[in-house]
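Colleague: Dock chain B against the given chain A, drawing on the hints supplied.
If you're matching them up, the sequences are chains A and B in order.
Counting with this note's numbering, you get residues 1 to 334 for the letters of the first sequence.
Counting with this note's numbering, you get residues 1 to 640 for the letters of the second sequence.
Among the clues, some could well be false.
[Claimed, not checked] Okay, derived cross-link-like pairs now, DSBU-like style, lysine-lysine, Cα gap no bigger than 35 angstroms in a straight line: (1) B:Lys-287 / B:Lys-261; (2) A:Lys-292 / A:Lys-81; (3) B:Lys-330 / A:Lys-171; (4) B:Lys-233 / A:Lys-56; (5) B:Lys-147 / B:Lys-287; (6) B:Lys-571 / B:Lys-429; (7) A:Lys-56 / B:Lys-201; (8) A:Lys-56 / B:Lys-559; (9) A:Lys-56 / B:Lys-571; (10) A:Lys-104 / B:Lys-300; (11) B:Lys-559 / B:Lys-147; (12) B:Lys-174 / B:Lys-153; (13) B:Lys-261 / A:Lys-104; (14) B:Lys-478 / A:Lys-292; (15) A:Lys-56 / B:Lys-203; (16) B:Lys-571 / B:Lys-203; (17) B:Lys-310 / A:Lys-171; (18) B:Lys-184 / A:Lys-292; (19) A:Lys-56 / B:Lys-300; (20) A:Lys-70 / B:Lys-184.
Since the hints were derived computationally from the structure, they do not count as laboratory data.
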Amino acid sequence: MKGYRNYFLNKLLWLLITFFFAFILNFTLPRLMPGDPVAAITARVAQGMSNSTGMKEVYERYAEQFGTNKPILEQFILYVKNVARGNFGASFSQFPRPVGDILKTSIIWTVALQFPAIIVGWLIGNTLGALAAYQKRGFDKLLLPTSIFISSLPAFGMAVIMMTIFGVNLKWFPISGGYGFDLIPSLSWSFVWSVIVHYQLPFWSIVLITIGGQAIGMRSMSIYELNADYVKYSRFLGIKDRKIVGYVFRNAMLPQITGLALSIGTMVGGTLMAEIIFSYPGLGFTLLSGIKGQDYPLISAVTLIITVMVLSANFIIEILYGIIDPRVKAAQTD
Amino acid sequence: MKKLLYVVSVLVIVSMVLAACAAPTATPAPAQSTEAPEAPAQPTEAPAVEEPAQPTEAPVAEEPADPNALPREQTLYYNGLQWSSVVCWNPYSSNCNNAIAIGQNDNSRVPMFETPYLYNMMDGKQYPLLADGPYAWNDAMTEITFKLNAAAKWSDGTPVTADDVAYTWASNIKYNTQAGVANKDYIDTIIAKDPQTVVIKAKLGEDGKAFNPLQVNAYLSSYYVIQKAWTQKLEERTGGDAAAFLADVAEDVVYSGPYHKYFSDDTKVVYIRDDNYWGQDASMWGKLPVPKYLAHMFYKDNAAGTTAMKAGEVDVSQQFNSNVQDLWLKDNLPISTYLAEAPYGVGAQLPTVYYNLASNGLDQVAVRKAIAIAIDYDTIIANAMTNQSATFTQVPRSLMNPTPGEQALFDHDAVKDLQWAGKDIEGAKKLLDDAGIVDSNGDGWREYNGKNLHYTATCPEGWSDWQAAVEVVAAAGKKIGIDIVTAYPDWGVYQTVVTNWPLPEEGYDLFMFWNDGAGPTQPWGRIRKFMSSEFAETTNNWNGNMGGYKNPTADELIKKIPSLTDPAELKAVYTELVEIYLTDVPSFSLMYKPQLFHTVNESVWTNFPHEGDGTNPAVPPLILLDGWGIAGLYNLELVD
Numbered sequence: 001m002k003g004y005r006n007y008f009l010n011k012l013l014w015l016l017i018t019f020f021f022a023f024i025l026n027f028t029l030p031r032l033m034p035g036d037p038v039a040a041i042t043a044r045v046a047q048g049m050s051n052s053t054g055m056k057e058v059y060e061r062y063a064e065q066f067g068t069n070k071p072i073l074e075q076f077i078l079y080v081k082n083v084a085r086g087n088f089g090a091s092f093s094q095f096p097r098p099v100g101d102i103l104k105t106s107i108i109w110t111v112a113l114q115f116p117a118i119i120v121g122w123l124i125g126n127t128l129g130a131l132a133a134y135q136k137r138g139f140d141k142l143l144l145p146t147s148i149f150i151s152s153l154p155a156f157g158m159a160v161i162m163m164t165i166f167g168v169n170l171k172w173f174p175i176s177g178g179y180g181f182d183l184i185p186s187l188s189w190s191f192v193w194s195v196i197v198h199y200q201l202p203f204w205s206i207v208l209i210t211i212g213g214q215a216i217g218m219r220s221m222s223i224y225e226l227n228a229d230y231v232k233y234s235r236f237l238g239i240k241d242r243k244i245v246g247y248v249f250r251n252a253m254l255p256q257i258t259g260l261a262l263s264i265g266t267m268v269g270g271t272l273m274a275e276i277i278f279s280y281p282g283l284g285f286t287l288l289s290g291i292k293g294q295d296y297p298l299i300s301a302v303t304l305i306i307t308v309m310v311l312s313a314n315f316i317i318e319i320l321y322g323i324i325d326p327r328v329k330a331a332q333t334d
Numbered sequence: 001m002k003k004l005l006y007v008v009s010v011l012v013i014v015s016m017v018l019a020a021c022a023a024p025t026a027t028p029a030p031a032q033s034t035e036a037p038e039a040p041a042q043p044t045e046a047p048a049v050e051e052p053a054q055p056t057e058a059p060v061a062e063e064p065a066d067p068n069a070l071p072r073e074q075t076l077y078y079n080g081l082q083w084s085s086v087v088c089w090n091p092y093s094s095n096c097n098n099a100i101a102i103g104q105n106d107n108s109r110v111p112m113f114e115t116p117y118l119y120n121m122m123d124g125k126q127y128p129l130l131a132d133g134p135y136a137w138n139d140a141m142t143e144i145t146f147k148l149n150a151a152a153k154w155s156d157g158t159p160v161t162a163d164d165v166a167y168t169w170a171s172n173i174k175y176n177t178q179a180g181v182a183n184k185d186y187i188d189t190i191i192a193k194d195p196q197t198v199v200i201k202a203k204l205g206e207d208g209k210a211f212n213p214l215q216v217n218a219y220l221s222s223y224y225v226i227q228k229a230w231t232q233k234l235e236e237r238t239g240g241d242a243a244a245f246l247a248d249v250a251e252d253v254v255y256s257g258p259y260h261k262y263f264s265d266d267t268k269v270v271y272i273r274d275d276n277y278w279g280q281d282a283s284m285w286g287k288l289p290v291p292k293y294l295a296h297m298f299y300k301d302n303a304a305g306t307t308a309m310k311a312g313e314v315d316v317s318q319q320f321n322s323n324v325q326d327l328w329l330k331d332n333l334p335i336s337t338y339l340a341e342a343p344y345g346v347g348a349q350l351p352t353v354y355y356n357l358a359s360n361g362l363d364q365v366a367v368r369k370a371i372a373i374a375i376d377y378d379t380i381i382a383n384a385m386t387n388q389s390a391t392f393t394q395v396p397r398s399l400m401n402p403t404p405g406e407q408a409l410f411d412h413d414a415v416k417d418l419q420w421a422g423k424d425i426e427g428a429k430k431l432l433d434d435a436g437i438v439d440s441n442g443d444g445w446r447e448y449n450g451k452n453l454h455y456t457a458t459c460p461e462g463w464s465d466w467q468a469a470v471e472v473v474a475a476a477g478k479k480i481g482i483d484i485v486t487a488y489p490d491w492g493v494y495q496t497v498v499t500n501w502p503l504p505e506e507g508y509d510l511f512m513f514w515n516d517g518a519g520p521t522q523p524w525g526r527i528r529k530f531m532s533s534e535f536a537e538t539t540n541n542w543n544g545n546m547g548g549y550k551n552p553t554a555d556e557l558i559k560k561i562p563s564l565t566d567p568a569e570l571k572a573v574y575t576e577l578v579e580i581y582l583t584d585v586p587s588f589s590l591m592y593k594p595q596l597f598h599t600v601n602e603s604v605w606t607n608f609p610h611e612g613d614g615t616n617p618a619v620p621p622l623i624l625l626d627g628w629g630i631a632g633l634y635n636l637e638l639v640d
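Chain B extracted, bound-state conformation:
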């Protein structure tokens, strides 16, 4: 028995010592440079500018010594995008859980599949990608025409044609894909006028013009073009069955973007650059994107992702890193954000508290506004967001996000008296007193209709920044005689409840939900989701206005916007909507959240998008993957 013990002990010790002697799998070399690049970045070339062809530069030509290893200096690592295995590579499916390859939205993700145009949230413009030059509406405002770039090729070497664009749309409709369902109310058909010319015919309104030109514009930079030949192959093997069509894993998919599948398992996904990518043509980028590989490990939570980034195993972080400034101020790591100072990122979304207007007293504007103006938003921004949001003093509340483009869309002076920055306890009390909503029985809580004002404020369990914010909301209620308690149901329950009407009588009086960030239909799309009665009292409602707000004037204005072209008129309408929103307070935002978190580690790579980096058009802080943000991949440099 003693011998056995000795043997086991020796084995244990040897195993631990041997393992400990090894470096924990290629710990990255210490940072060579901890400074953000001070030299002006190479201006990003506007794609449509004609320039003589440049030789293709494969940035790092050396082949890896170990074919099973990803050379650190050729790989760009991400976190915060993918939490479990990639399921499929089918661009028609919305369920592939393939965050880097597939994402069709206002700022579409384009490393593998491409859209005709790229949206740039920094200037609100759409730049050609597969397209050649700008698109144009006809005079009657019934159709859009655009040309395709003659250099655009699929990964199998065949050209991208107008037929591909038309067939993609037809398939989206035929198989009821997300792209089809989302746009069939706005787009009638897409046809190939000739191999290079695409015509999008809009659904027409009563006036004979496009019913919603904004949505048609947005289609151009939001939805992929998928190869016709591959689609037909897919149809053939799935026998025209819509469910099978959307559930196909599509390992053989043909793509037009610069990256494609290299490796995928239950721990990571890796994409490899296609060195024959058409975009190296002078008419587009003029070169290949710099990293040969894009890789994403699956971390169990934000904390694990942050630990990996601190260890230099992550270059671009799309996750909420609490007190992000500590990474460079206290830990002295070569980590930075788009803005050097708070709020560190460009706010684009407005996480919002909706009122359930069916709850006792919440149909009263005085109650809604009193709660909203009593809240200490600065505390929310300092604690829940660790200052990664502009304050409501810096960017006074409206319906717009803090980007200059949206802020310019309404008359600030006209709504000045309606805006609030919060913590106005006396003002809130006065509002309630004036409305006759007082504590008549002396129990400390105000009553309405003979019942105490008692509410539950809620958000999903585990969404720590939102939970911290909801606690501040509840505290404000207590200061003005309104009993607000908090509850945090599981996300599975929460999402089922808040997206369906009627809301429960208890438990969901004030509840948080997200809304649209920056995009070609914004701020109209966001305002519609905040205020339009088309979403009020509906089921399966993932859009907004879940509290049941109805205002015919607001509806009219929202309906009017998409076809307005006169900037002055547009500004007047937006201003009126802001006035209505700040007067009626059907919901209120708690903070400004970036479109994406964009924290970069410059241990290995540098020249990431930063404010004032000299790029023109400015590359947005969208993790070098979304919309015009992908231009950042072409500007990267190795630290050495």
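Okay, chain A solo, but in the shape it has when bound:
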């Protein structure tokens, strides 16, 4: 038990160190972008204003309000204090809207799109990969090149192809938005159905990309395991094929589970392309708007969420590995 505790504490320490540096980078990197976000706000406000002293007043007022005229260290301390209280501040690009409010509304769309897409893609990909490894012959010959082709497509490429074929040409699915242009969100059947219909293209564009990579990985792992000594020995002992296949896939699954956890951890950033192409109202689209508008608080908040999710996913995997496979723990604590 002591070994587990040391292993856990070691991992926790590294998690905190990584988080500390990631947090500093989250704050610093957006602010290193060239340009001045307050100037952009002044531009909006300055519409119709022709006196230069007035412009200066407006600029200085916003610089004061956002604290961009303060030293960077002072800004950082203020940021840490606010974040500790769960306050990400007001968005620059959507001022005076609080960043928390923006995240709250968009994260639901992102999770609803990406989480099922990752799970479905992972399930289908692994099933197909395992089947290809086990059945070989024709199925494998078809699946492998197809998977390689699909997984090498960039996410935006797949999204554009799907949009062109199923949205623009066949007109089966709408090509933009999270629900119908003529609806107001409610729990009505027409709204729910509209969400489902709008969901299809971004969903499948993510699923297809996921399937390819997962299938290739699972196929390789399964082939490796199928040729392992324990499989041969099991066959020699006369154990049923069905039973052996069960062992094989369980062993082949371990790296795939790592992949799944990491995919879930990075899902916020992963939806960016699908959300942008399909004008889907999620966090990825919000992040892009934030970057365009040099919206430091918004960028920092979104990247912080990504950081926390990735670090948490990694940490959980490490801990689970330590429990599932004692060799990992042993190797790490030696």
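Modeller: Below, chain B without anything else, positioned relative to chain A:
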């Protein structure tokens, strides 16, 4: 495992088939009529004309079958105005990102909040909205008086009073709003003489008259009247803190216009008509605006907006649609623009290239003029603007936009010899040769002060029409021995650099910027921003003259204009300014851009403003929202 595969496969197929079977959320019915309305449009009534009261006609009385759906035949859809979520409903704030509800400028946006007058860019006049009859200056030219329409009411049913107007101004000053900051140099105070009479006292110049009567006139059609009682409520809850006052979301705001908030999220914003709107009184419009809802989806870019318009999901498009004529000529869609032929819209703005006069050689008129006359403007207009601009042969360059009102303000013959239409390579070479700016070392580039003339022409990255134009500028330079390269920094960087002096030594020698369109202070306001030295070499300069041009004669003339009343004298001054501008060439325009893009889809609605539609006063092509353009909302008809 096989079973799992079968189950998943079946689920996948069923899901796709089911979803595909559904129509993609109420695709609009095919166009019933693809013809632009040929019958003369109902003339828009001049608001001040007294007529017997007419019964209020709610154009479409039926309630929607699905309360969560926006009936297509009751909703007017827009694109190109709003790209992300609406943030607030506070008319004192300039940061609400609420494009349909809030926009105070030369042609103010008035569906929710209203101004005393409406500016009409087609005839340059201001028509009463909350006001009753025309405004009047006193003989001493120190104050303006106007009456409010007795029928004007707030959404809570209380009358709009002179006290509201005065309190709005006082609040604008107290809380340093954009309206206050922009006008405090010109307006001293606004007082309520009686509940219906407003007096605006101008800041006075040395001669004891209004320092700038033009700006005071413009205030009347540019800035909203906001309810005093609601303002006091806002003050109470924000405790007099200016930052909190301006940052308040104002969901409870009281308004006087015909539309207000219905729904808003991260994908769209919808406004609903107030069927108790005061403007249905016979003294104003005599009826309600026709669409019950105004809606705007947020598209990721122009291409997505165009796709939606092609699909019939957008009725009014305020975005640049490249080769707009293809929509009706090739795609056979019931889409049209204000003018049936190129330039399709009424040019009002002059996107302009500024010279950084601190760059080597650009302080020389010969170099500036040589570059300007060598440029192939026809190519810019054909490629960058896809012919959505008049050419400089059709409307020779000056400081004025192509509207007849502005064109009449200067003597065309007097400046004829100074104007150029472009592509004059030989003329440009001669200018440079005559000035002694030649290629003395044979490397192909001319020199000045012993250094090659090497410049960077720039505009923001992704502004594709401007980028295409800048490429043509660079090509012209090379033809006359001036090395012009292009660079496209990110907008965030670009705006920070060009609005502050000094400009960098490299990278911003020729740079593009916009300027004022049509408005009650134009063309004076635009000329001031092109040429006045008050903006030269300043920081936070979003006005103009960013290249640092100074000319005392021009300054004097610009200062003189606002108080001139004699048309002949005004024309002489404007002509002289055009002469100076075309002689000194501190900057030059590349095209004429409409005030707003105004493309309409007549799949569902018809009777949009078009040239020669018979409206009187003519309704301007301002997407049925801005200034007198809102009159278009009262003329719409369903296609059926």
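Colleague: Evaluate each hint against the coordinates.
Modeller: Evaluation of the provided hints:
For the hint linking Lys-287 (chain B) to Lys-261 (chain B), the alpha-carbon distance of about 20 angstroms falls within 35 angstroms, and the restraint holds. Distance hint between Lys-292 (chain A) and Lys-81 (chain A) is fulfilled; the C-alpha atoms sit about 26 angstroms from each other, no more than 35 angstroms. In summary, the hint linking Lys-330 (chain B) to Lys-171 (chain A) is supported, as the alpha carbons are separated by about 20 angstroms, within the 35 angstroms threshold. The straight-line distance between the Cα atoms of Lys-233 (chain B) and Lys-56 (chain A) is roughly 30 angstroms, inside the 35 angstroms bound, and the hint therefore holds.
With a CA separation close to 22 angstroms, the supplied pair Lys-147 (chain B) and Lys-287 (chain B) stays within the 35 angstroms bound. The straight-line distance between the Cα atoms of Lys-571 (chain B) and Lys-429 (chain B) is roughly 34 angstroms, inside the 35 angstroms bound, and the hint therefore holds. Between Lys-56 (chain A) and Lys-201 (chain B), the direct Cα distance comes to roughly 25 angstroms. Compliance with the 35 angstroms bound is thereby established for this hinted pair. Using a Cα cut-off of 35 angstroms, the hinted pair Lys-56 (chain A) and Lys-559 (chain B) holds, with the two alpha carbons roughly 22 angstroms apart.
A distance of roughly 34 angstroms separates the Cα atoms of Lys-56 (chain A) and Lys-571 (chain B); the hinted pair therefore holds under the 35 angstroms criterion. About 20 angstroms separates the Cα atoms of Lys-104 (chain A) and Lys-300 (chain B), which keeps this hinted pair within 35 angstroms; it holds. Of the pairs offered as hints, the one joining Lys-559 (chain B) and Lys-147 (chain B) holds, with about 30 angstroms between alpha carbons and a cut-off of 35 angstroms not exceeded. Restraint check: the Cα-Cα separation between Lys-174 (chain B) and Lys-153 (chain B) comes to about 25 angstroms, which is no more than 35 angstroms; the hinted pair holds.
Between Lys-261 (chain B) and Lys-104 (chain A) the alpha-carbon distance is near 21 angstroms, which keeps this suggested pair within the 35 angstroms criterion. The hinted pair formed by Lys-478 (chain B) and Lys-292 (chain A) meets the criterion: a straight-line CA distance of about 34 angstroms does not exceed 35 angstroms. At roughly 21 angstroms between alpha-carbon atoms, Lys-56 (chain A) and Lys-203 (chain B) fall within 35 angstroms of each other, so this suggested pair holds. Our distance criterion of 35 angstroms between C-alpha atoms is met by Lys-571 (chain B) and Lys-203 (chain B), whose separation comes to about 26 angstroms.
In summary, the hint linking Lys-310 (chain B) to Lys-171 (chain A) is supported, as the alpha carbons are separated by about 13 angstroms, within the 35 angstroms threshold. For the hint linking Lys-184 (chain B) to Lys-292 (chain A), the alpha-carbon distance of about 33 angstroms falls within 35 angstroms, and the restraint holds. Proximity of Lys-56 (chain A) to Lys-300 (chain B) is assessed by CA-CA distance (about 32 angstroms); at most 35 angstroms being required, the pair is judged to hold. Between Lys-70 (chain A) and Lys-184 (chain B), the direct Cα distance comes to roughly 29 angstroms. Compliance with the 35 angstroms bound is thereby established for this hinted pair.
This entry satisfies every hint, going by the numbered hints stated previously.
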